[in-house]
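> Whenever a hint applies, use it, and build me the whole structure from the sequences.
Chains as they are written, first to last, in the UniProt record's numbering: chain A, 1 to 318; chain B, 1 to 318; chain C, 1 to 318; chain D, 1 to 318.
There's no promise every hint is true.
Intra- or inter-copy, both count: the list cannot distinguish identical chains.
Claimed, not checked - DMTMM-like, lysine to aspartate or glutamate: derived pairs with alpha carbons at most 25 Å apart:
hint, residue 1, residue 2
1, Lys297, Asp163
2, Lys297, Glu307
3, Lys292, Glu131
4, Lys297, Glu246
5, Lys295, Glu246
6, Lys295, Glu131
Because the hints were derived from the structure by calculation, they are not lab data.
The lines below spell out each chain.
4 protein chains.
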Amino acid sequence: MTTEPTHDLAHLGHHGLFTPDPEGTLHYFVDLLGMDVVAQDGEATYLRAYGDYETWSLKVIGSDQAGPAWVSWRATSPQALHRRIDWLEAHGHAGRWTPRDRGIGPSYQFTDPDGHVFRLYYDTQRYSAPEGQRPAIPTGFQRYAGRGANVRRLDHVNLLARDVPACRKFWEEGFGLRTYEIVRSADGGDESAAWMSSSIQGHELIYTREHTSANGRLHHFAYVVDSREEVLRAAEIFADARIRIEAGPSRHTAIQGFYLYTREPGGNRVEVAHGGYLVFAPDSEPYIWNPKEWKGKPGWGAPLPPEFHVYGTPDTVR
Amino acid sequence: MTTEPTHDLAHLGHHGLFTPDPEGTLHYFVDLLGMDVVAQDGEATYLRAYGDYETWSLKVIGSDQAGPAWVSWRATSPQALHRRIDWLEAHGHAGRWTPRDRGIGPSYQFTDPDGHVFRLYYDTQRYSAPEGQRPAIPTGFQRYAGRGANVRRLDHVNLLARDVPACRKFWEEGFGLRTYEIVRSADGGDESAAWMSSSIQGHELIYTREHTSANGRLHHFAYVVDSREEVLRAAEIFADARIRIEAGPSRHTAIQGFYLYTREPGGNRVEVAHGGYLVFAPDSEPYIWNPKEWKGKPGWGAPLPPEFHVYGTPDTVR
Amino acid sequence: MTTEPTHDLAHLGHHGLFTPDPEGTLHYFVDLLGMDVVAQDGEATYLRAYGDYETWSLKVIGSDQAGPAWVSWRATSPQALHRRIDWLEAHGHAGRWTPRDRGIGPSYQFTDPDGHVFRLYYDTQRYSAPEGQRPAIPTGFQRYAGRGANVRRLDHVNLLARDVPACRKFWEEGFGLRTYEIVRSADGGDESAAWMSSSIQGHELIYTREHTSANGRLHHFAYVVDSREEVLRAAEIFADARIRIEAGPSRHTAIQGFYLYTREPGGNRVEVAHGGYLVFAPDSEPYIWNPKEWKGKPGWGAPLPPEFHVYGTPDTVR
Amino acid sequence: MTTEPTHDLAHLGHHGLFTPDPEGTLHYFVDLLGMDVVAQDGEATYLRAYGDYETWSLKVIGSDQAGPAWVSWRATSPQALHRRIDWLEAHGHAGRWTPRDRGIGPSYQFTDPDGHVFRLYYDTQRYSAPEGQRPAIPTGFQRYAGRGANVRRLDHVNLLARDVPACRKFWEEGFGLRTYEIVRSADGGDESAAWMSSSIQGHELIYTREHTSANGRLHHFAYVVDSREEVLRAAEIFADARIRIEAGPSRHTAIQGFYLYTREPGGNRVEVAHGGYLVFAPDSEPYIWNPKEWKGKPGWGAPLPPEFHVYGTPDTVR
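Below, the structure is given as structure tokens:
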């Protein structure tokens, strides 16, 4: 008999981002990506995208260096939240509770095997747009302003890890994430990337190989727009704002999403993304790429520059 | 404590369609929508879209009149399949098994409260494209040929029902479908439409009010394309093929999808669709439209012609 | 022997627009359409779109009622300018010179047979973007900011006229405009619309039938965006900004352009447009629609509301 | 006083293409690009795109090697045709008449300074689609079938030349083509590319530096689709048809068009293109890139592979 999947994680939630250049970072997220500031609190600024149902989804935090502060998941129910905490505590990954933060949480904070900080929560606050900011159709959350790249919401996060399979198994076994693609050698000894999701979307959490001795680093956060055409528009916006484009617009082989990579002025890599397949089969097995087939780069799409595979934040290897 | 959702249905599966004009219907699905014939068997033809992971997804069946032969769901596991059958049999909806059909099934056949035929199955056959039809990227299922409207897969089905809330509750209670939008009067006595889904997609199964005394009728099947631009292209293709366009291209208020409605030569209404929101919140409540707000048609989008609300197949009211 | 066309008009130039609500009108053009203010002078504001090579292209003028102040054409050379003025003066259409206005002109002002004010000029000033507003690629004119509907430039103007053929012939005979489509009855006695251009673009100047006793009225100005997808985005922006959408997004039969009509808060109708065919054949004859074929509305596209055919500015018939 | 431009060339017309693999070449143009065969005559096949107003626009000719047979221009009038022939004969470029070919011509054949064969004609035959192939809107030429990349028409041609400025001046002085961009060193001694047009479109005829001792070679023919989204679709189609993609989809710096390059099975390079700016100013000067600025590649867009700059047909340097 098939083992049945668990459904305890609903979606990626709020995340925190460190930046040594808060002003530049906010200019990038607000004026170029099109997100809105919902609150400010000392060194921290709370932002939301127009498609977020929760009050906020990104906390930009002034710091001495760039990097991820945390990534979070919303659990599907209070019971699901507690089941996952029980699993963490039973498997040597006990964390601690962090208090409610501007309507969201409390959150249970812990680390993945590479040391990235994660938070798990259920309680949240739905966004209620102020008068003048409500959308015409009430099933939306906020007026569509069409500013800059106009990202709709966070799509996925890519983390660097020295031991990709250890991280992958942590989420598969502990949280029921499904893995849709893996790059690894025939003997399984060399696994360099894995694409995972809590839903039918092809990727929410990606691990790719950390090539340095650092740990807990961010490869990129990806925000989604509604069409490939909007990814192309974003390239125009970034180019004219003199934000260097690291890669794209082009198409990834894995998950087949359309991408554009820049770095926000604080140094963190950010993707503007559209597409990627949906996985409807409840019993699909991950597609295993062997390194040779992977490097053959079937299909279409521009080559990625070498720095794409090594740069992360904190940029510890400069 | 919150009741936790069940996840026993994975997605809409194969469906059957009756047509009094098999030749015209096949021309429509193959040459205009861009689907492929995978097998023929007397009066029945098996078709697939290029994004289907299963071998086939549509069985066109010659008959004396148009209409839906069946709609199906694939269960998430063998256990899930049996849990749902147990529920059906325990609640007075017992059906019967139908045999395996060209690699898919056996399926358990039953009816919803309005008399529409449904099938439930788990066993299936993944499509293996013949040499020359394989996509360059092996996570795809079939070469992208770009013929006609080039639909990727079935998106949702809309069924007419005399008692919309009865049908809605049948799926909510028996199968754990989530309802994302409802149109009904303040006193709840007049519910005219409901949009339901087994996943984060805004709609898979829709019920709208049957205005005649008929039962078990189809409003439309919707096939999805990759962009709104492709819906516009489809309009060009249909117009020049002299297929009358009933409505669109435009945008629906409910679920916010972009639509185009035609009728295949057999008479069944078919939508070419793109978009519609995704529902990430695991605890979102359905949005309840009152009829006045609904008729106010907030947002943008062309008005639907009167026939849109009354025509269905079989076209029993001519 | 074929008569050879003249090429004395290069393109539609700057235009002036009266508004009883300058603040509302500027909000519309700047925040929603995405144009920029380049100068202010009492009741007049000078605007440009990011694709304009000239310094400004629209002068919004506070007034007691909405309506067109003038439409202009840039001549292809000083000689061409004088040839056209000679023609005007020789044919009883003498006008007068208006002085240089913020870098553009002097312009020769005259009226078409319906009394619309036109200006003809050659001298102009190329836009030089200030530091920080320059595009990355120097063949552009201005940074691509992607604000709101983000219109690129004026595309065409539609004027109401009591005698459409008289206006059409005025431009054909006096200026060498080419007419690409005409709607008229078989006996030629009833001509209700004509689409004209100085270039390969399907329409720059349109005349449609004035149904009132007024003269010199505006039907609409149309601004162009880069894709149909951007017309759809504009609909979202207008709807959420609570600007009523009069028609579209949909596709016109004439010239086959994709359209969206709203009225700026001052009352003037404005189109956000994309597409329309190009006419390469130097010897193409206008396509003559008879009224019956025209009303049959071949192809696809939503019906236009009745007000579309009667409303104009000044709104003299209220 | 400004010199006034001539307008004797209307647009690029029919062209001939040599191929050593007629079957493969026809598969490419018909099944992948979506063009139609209108006639066959021994080793020659006549093709048209759905947006061509003339009967045919491409003659594929079996030969021992790939390469351009000829490029043509349609003159704006019979007088214009004879004026240009007079110029050719007066300036030492006399050619000869070639007979009418399936409704088009006679054509006057001559060579540019690099030895590329050109034809000039006025007489032509408008396409009359057979019953069942007529578009719904009668201003179109042919039913929109949406097959494969579905190119609308020829957009531009790029020819390799050992002496780019000589070729550029030939067209400027002899035919009134306008040059919109040039790449050349500060001292003018090194001119490596020029983009020219007979209309407001940014490019119809391009010359780029020939790096071998060959002459008369083709860099590429470009066919246009209606949106950047369709260029991306074309990449999918080519990739899955196992046609190698040489470059793109991405965006060019010059003229700013969106591109995708493949080679048809006979070896000729073909672009699927969309966009590129329009030049409205009648007095715009060419933008002169110095090689350093040019290599700095401002804006966005993938780098071109080295072979892009050297490969041409005939492929004499293998």
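> Going back to the hint list, which numbers does this structure go against?
none
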